[in-house]
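**Q** The two chains are supplied separately, each in an independent frame; assemble them into the complex guided by the hints.
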Amino acid sequence: MPTMNMLQAINNALDIAMAEDEKVICFGEDVGIFGGVFRATSNLQGKYGKARCFNTPLVEQGIIGFANGLAAQGSVPVAEIQFADYIFPAFDQIVNETAKFRYRSGDLFNVGGLTIRTPYGGGISGGLYHSQSPEAYFTHTPGLKIVVPRNPYQAKGLLLAAIRDADPVIFFEPKRLYRASVGEVPEEDYQLPLGEADIIKEGTDITLVGWGAQMEVIGKAVELAEEAGISCEVIDLRSLLPWDEDTVVESVLKTGRLVITHEAPRTGGFAGEIATTIQERCFLYLESPIARVTGLDTPFPLTLEKEYLPDHLKIFEAIRESVDF
Amino acid sequence: MTTPHVHEPVFLTGDEFSIPTFRLLDPDGCLREGATAPQLSRDHARRIYRAMLATRVLDERMMAAQRQGRLSFYMQCTGEEAAVIGATAALDDADMIMAQYREQGALVYRGFTFDEFMNQLFGNELDYGKGRQMPVHYGSRKLHYMTISSPLATQIPQATGYAYGQKLAEDGHCTITFFGEGAASEGDFHAALNMASVHAVPVIFFCRNNGYAISTPAVEQFAADGIAPRAFGYHMHVIRVDGNDILAVYEATRQARRIAVENNQPVLIEAMTYRLAAHSSSDDPSGYRSKSEEQIWHDQDPLLRMQKWMLGQQWWSEEEEKELQESLRREVLETMKRAEKRPPPPLDSLVSEVYAEVTPSLQNQFDQLKRHIRKYPDAYPRGARSLDPEVAVDSNDQGER
Ligand SMILES: Cc1ncc(C[n+]2csc(CCOP(=O)(O)OP(=O)(O)O)c2C)c(N)n1
Numbered sequence: 001m002p003t004m005n006m007l008q009a010i011n012n013a014l015d016i017a018m019a020e021d022e023k024v025i026c027f028g029e030d031v032g033i034f035g036g037v038f039r040a041t042s043n044l045q046g047k048y049g050k051a052r053c054f055n056t057p058l059v060e061q062g063i064i065g066f067a068n069g070l071a072a073q074g075s076v077p078v079a080e081i082q083f084a085d086y087i088f089p090a091f092d093q094i095v096n097e098t099a100k101f102r103y104r105s106g107d108l109f110n111v112g113g114l115t116i117r118t119p120y121g122g123g124i125s126g127g128l129y130h131s132q133s134p135e136a137y138f139t140h141t142p143g144l145k146i147v148v149p150r151n152p153y154q155a156k157g158l159l160l161a162a163i164r165d166a167d168p169v170i171f172f173e174p175k176r177l178y179r180a181s182v183g184e185v186p187e188e189d190y191q192l193p194l195g196e197a198d199i200i201k202e203g204t205d206i207t208l209v210g211w212g213a214q215m216e217v218i219g220k221a222v223e224l225a226e227e228a229g230i231s232c233e234v235i236d237l238r239s240l241l242p243w244d245e246d247t248v249v250e251s252v253l254k255t256g257r258l259v260i261t262h263e264a265p266r267t268g269g270f271a272g273e274i275a276t277t278i279q280e281r282c283f284l285y286l287e288s289p290i291a292r293v294t295g296l297d298t299p300f301p302l303t304l305e306k307e308y309l310p311d312h313l314k315i316f317e318a319i320r321e322s323v324d325f
Numbered sequence: 326m327t328t329p330h331v332h333e334p335v336f337l338t339g340d341e342f343s344i345p346t347f348r349l350l351d352p353d354g355c356l357r358e359g360a361t362a363p364q365l366s367r368d369h370a371r372r373i374y375r376a377m378l379a380t381r382v383l384d385e386r387m388m389a390a391q392r393q394g395r396l397s398f399y400m401q402c403t404g405e406e407a408a409v410i411g412a413t414a415a416l417d418d419a420d421m422i423m424a425q426y427r428e429q430g431a432l433v434y435r436g437f438t439f440d441e442f443m444n445q446l447f448g449n450e451l452d453y454g455k456g457r458q459m460p461v462h463y464g465s466r467k468l469h470y471m472t473i474s475s476p477l478a479t480q481i482p483q484a485t486g487y488a489y490g491q492k493l494a495e496d497g498h499c500t501i502t503f504f505g506e507g508a509a510s511e512g513d514f515h516a517a518l519n520m521a522s523v524h525a526v527p528v529i530f531f532c533r534n535n536g537y538a539i540s541t542p543a544v545e546q547f548a549a550d551g552i553a554p555r556a557f558g559y560h561m562h563v564i565r566v567d568g569n570d571i572l573a574v575y576e577a578t579r580q581a582r583r584i585a586v587e588n589n590q591p592v593l594i595e596a597m598t599y600r601l602a603a604h605s606s607s608d609d610p611s612g613y614r615s616k617s618e619e620q621i622w623h624d625q626d627p628l629l630r631m632q633k634w635m636l637g638q639q640w641w642s643e644e645e646e647k648e649l650q651e652s653l654r655r656e657v658l659e660t661m662k663r664a665e666k667r668p669p670p671p672l673d674s675l676v677s678e679v680y681a682e683v684t685p686s687l688q689n690q691f692d693q694l695k696r697h698i699r700k701y702p703d704a705y706p707r708g709a710r711s712l713d714p715e716v717a718v719d720s721n722d723q724g725e726r
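Read top to bottom, the protein sequences are chains E and G.
Numbering follows the numbering used here, in which position 80 of the first sequence is assigned residue number 80; successive positions increment by one, without gaps.
Numbering follows the numbering used here, in which position 387 of the second sequence is assigned residue number 712; successive positions increment by one, without gaps.
Excised from the complex, chain G in its bound form (with noise of 0.2 Å):
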């Protein structure tokens, strides 16, 4: 490489450039003067729309359920629906998608149903981790949603190679990568963005900025104007955009794949928007956190923002919304309720996929285990729950996922 020499120092600091924000969506609903809509269909609108609202009643619900002591743990993604929902309607539906754990609009927009949701959340027989994992760590083979992994940023250079093969097979699909801006000071992201470049793979790096890493607020994050400005260092396309307005995110990340999957060549979005709700079910936001300014962000609400616009369309109207309201709390309860009631996943579970085949010592480690429970059934009754009688467990018989 040769760059022109100069014979005073020159020293930069990156100040030289200012990452403007992509908006198309005012506040109020209304497109911004002179900005084009993307071409959305009303159908595809709606499509997207009610998994916003899907995912805000899910959410809504299984946090009261946490409360009440019915679910361990929870992780709402509220406020952020826009980003992430935004994001994987202008996706083909086949692309990857290897995600952080606040996801969970992806797979509403994908159609995971709330029982599929459900058995995840209460670890029951049909889940398909077969309760190894939190709530909230969901995966799905069908729909092409990596499962959740909670070290942070792991997902993230594991993206550039899921890519990386797509390239290869040539199937003319890529991967979307999400993480916060919290995960992105991990050196997994920086080894991952380098590779994707230096080896042109067809990944979009997708971070949901949301001002917070649990207490952490963005300004003790990063010294520099966000994430975005990284991109540069990594010579790579980037854009920025205001990540609780629907349609500049969709427009932008549909944009972004064609960039991926025409020229092999990775893109950097960064999504502007807040976490709402606390970090978990386990955090409490008032430690580190004014009311008046999550009160600001309330006001700039992406399911208000979508909703007003849609009734702007005519796509929209107010008995729709309450009835569909209606209905999705409705389903969410019936299926919270049949997934509590149904049992665990049986013993072998706990030594089962470790590795392809139980090896032998983990097999006697596990006959000794099943001794010591049928001696003792009342202290484990999950387990002797499946040992007596002895059930026969096929495991592969857990339908398509």
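Bound conformation, chain E alone (with noise of 0.2 Å):
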């Protein structure tokens, strides 16, 4: 099997979707000849022209509200926004248009076929306008749906999956492991369902949740754990919206502790939304109050990132917490 990182893993995605169906359309800002700052789209231009892969003028809004009515014909749109930083100026676009497509029209007319890929997240050193998580504002809205891969293996099946969903999707893909994140991808085609939790790790004392670079994060915090003598569960939600609350509730029973982290702030983040159902589905069953590890309410700072990222030792400090409770 090939080793990839998780750029190359998201190109060879694109490249698998837009070889089989011609309808498929990669564009963004500086997606064309240049394959976009990252590198995702690479090659894509040469390879299906201009036409299926091109540059669009600096308009977030005008590439969402594109992609949209292009979507609404029947093509299969992958729109890039350049930095989920910079997702804000289409929000209209994707919070009221997007997203309600399908809902006021009947289903007369639905944008299904939309993607939209976006790297997010922190711990680049990019200050307060380079590594925001914005995924809670969009799972506020019904009918998108939101995935965070965690890896290559994971990205090139759920990129695929969010491509021939057939609803819209956000795609949030952590840019701090664009280069860091590599791992056996196999070369053919194949999907990984949206909406399902993966269980990374099965242990019995407590159950940890997370998606996107996370992952990373709380595999470290629970080395310690272990080592500590403390048995974790680790569950990747991958799909925020919907998300996989049967997964994480049975696991719950299970351990009876639940630690939650994300990066975004903590007020309004969708840890808040996990805890609130798991202790309405597993009140009783709780050993210790629900945990959550996230950013500070503040925006993302640069100097003192290492300090406000929810790294390996707060996780598992609140791991500790929340055991010796």
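I should point out that these hints are in silico values taken from the structure, not numbers from a laboratory.
Among the clues, some could well be false.
[Said to hold, decoys possible] Some but not every residue of chain E turned toward chain G, in silico, with C-beta under 7 Å: (1) Asp30; (2) Phe34; (3) Arg52; (4) Leu58; (5) Val59; (6) Tyr129; (7) His140; (8) Glu226; (9) Ala228; (10) Ser231; (11) Pro301; (12) Leu302; (13) Leu304; (14) Glu307.
Here a beta-carbon is modelled for each residue, glycine too, at the ideal position from N, C-alpha and C.
**A** The structure is reproduced here in structure tokens:
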């Protein structure tokens, strides 16, 4: 099996999707000959031509509005927003249009073919405008699907599933791992299911839930915890909308403890949604309060990024407190 | 509004107009035949030229520092010094500047010191922005330069609003906003122009049309004859100018300012120039453009053009050039060393200034963070530094900014 980094896996998924279906069209700022500022769309223009892989003018609301129209026509747009921090000019098109097309027209029209890819997250010395994790804003919007891969294998399988899904998907790519995360990725076409969590590791004392780049950090915290004799069950949510309640519930019924982590600020973060649901469904089984390890309720800093980020030590401390409660 | 009626269908494309480019200095630094130089004193011309040279030296040195790993990121304005500095020089020093990110020349011209640049670039404790933003996101209240925000074009409608306030205040000032031809694609640009003309606002929209938005060439950015014709749709004064010609940029902006301030009318200026350097230190332009294309623009270097003109005027000499270059290089290196050594901003800069007062819930989060860092000081050397012993921080003690 070939080894790929996450960018190569994404590029490979796009290549497969474009080869299979000529309706698949990739576009965004700098995605053409340059292959995108991170090179996720490398060589696609050369292979499939300028009509199917192209640079757009620099206008996010235009990119997504255009993508909505294109998807409504029956094409399968894969639009890139250069950084998730710059998705906000397109917020209206995504939240009011993409998400509601099917509902408001009684399915006369839908934009199910649309996939929006965008790099998100910190840890790259990007400061407040190149580090945000805006997923929670979109999880508040029925009609969208939100997917976040954690490594190259997941990225390829989930992206192929997103492109072929009947609903519009926002695909948040952990940019810190673009080149850092390397692994075996099958050359052939495969899909991983949307809406299903992945139990990465089974354990008995505590459940840890995260997504995207946090999974690597959770992994390090688990090493510390297991050295301290605590058995951890680790769940990668993979999809935040819809999210796999049952898998998390089942796990918490077994372990009685839950720690949720994300980079985004705490207030209104998606951990709050998970914690509430688990509290509703597992109340009598909980041995300790559900813990959240998150970014602070501040914009994302630069110099003090390490202090800000939910890292393995903060997660380890939360695990310990939960177990010692 | 009434327009004449016609009984044949008439479709217009705009090709009926072609907007000329205002130029005073030829690439060899000679005043064009029949052209009149703007009224620019020797001292003012020298101030402009020094700013251009200082900007060039700063850019060269900081790019080298980035390559040596001393700096995380940098953006040069090489090739665009005349556009930015020429425009700034034509304003009152107290007019507001709302820039995109490639306009360090405006700050140099207004007297932002190398120390001030370095403190921001290294995000140390003296950085006005407290190490929160990436390098090159400068700001100075004292110099009427709005702190840079990364999301493109957001400053353009803000400039309209700022200038409207200036109009109501009747303080005789205007606002200039700089942006690239790429940013001019954003909805914010169109909203800004429309509001400015509807509300008769004293704002100058200054587009640096430098040919590329990262890798995207202008031909993939817009189909029309540049940015300038858009002014017609908003019924706005517009001029296109050779952006590598300091005299033309200066004169065009001086007159634009008069229109803005005396008539309360917005003006669009499109400066035709070229981004000679990479987009940023993270970019490699060899993937999307040729060396020969770059060479054409090297031959039009705005710095050399002004230098030749200054030499011709006897306002500058080879010796002064050499001396100034050397002293600027020395100064940049010295200030860089100073800034590098300064400690980072204190831990509480994480939570201060999110709101006017830290909220109770944020305070709780911060207290928890401090407990955590005290437990693992080695893992957070920057944060631990300001905790042990806990340093009382007066975040207002930053001098004038
Ligand atoms: C809203 C938004 N989208 C995308 C970006 C990423 N980005 C930063 S600079 C840039 C290109 C800007 O080009 P232009 O406006 O022509 O200015 P230039 O860099 O050429 O001076 C892009 C796409 C951003 N900062 N903000």
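**Q** Each hint needs a verdict: does it hold in this structure or not?
**A** Results for each hint:
1. Asp30: 5 Å, holds
2. Phe34: 4 Å, holds
3. Arg52: Cβ of Arg52 (chain E) sits 15 Å from chain G, so the hint is violated.
4. Leu58: Holds - the Cβ of Leu58 (chain E) comes within 7 Å of chain G, reaching about 4 Å at its closest.
5. Val59: 4 Å, holds
6. Tyr129: Tyr129 (chain E) check passes; min Cβ-Cβ to chain G is 3 Å, inside 7 Å.
7. His140: 20 Å, violated
8. Glu226: 19 Å, violated
9. Ala228: 15 Å, violated
10. Ser231: 23 Å, violated
11. Pro301: For Pro301 (chain E), the interface hint holds, since the closest Cβ of chain G sits about 5 Å away, which is under 7 Å.
12. Leu302: 5 Å, holds
13. Leu304: 5 Å, holds
14. Glu307: Nearest chain G Cβ about 4 Å off; hint holds.
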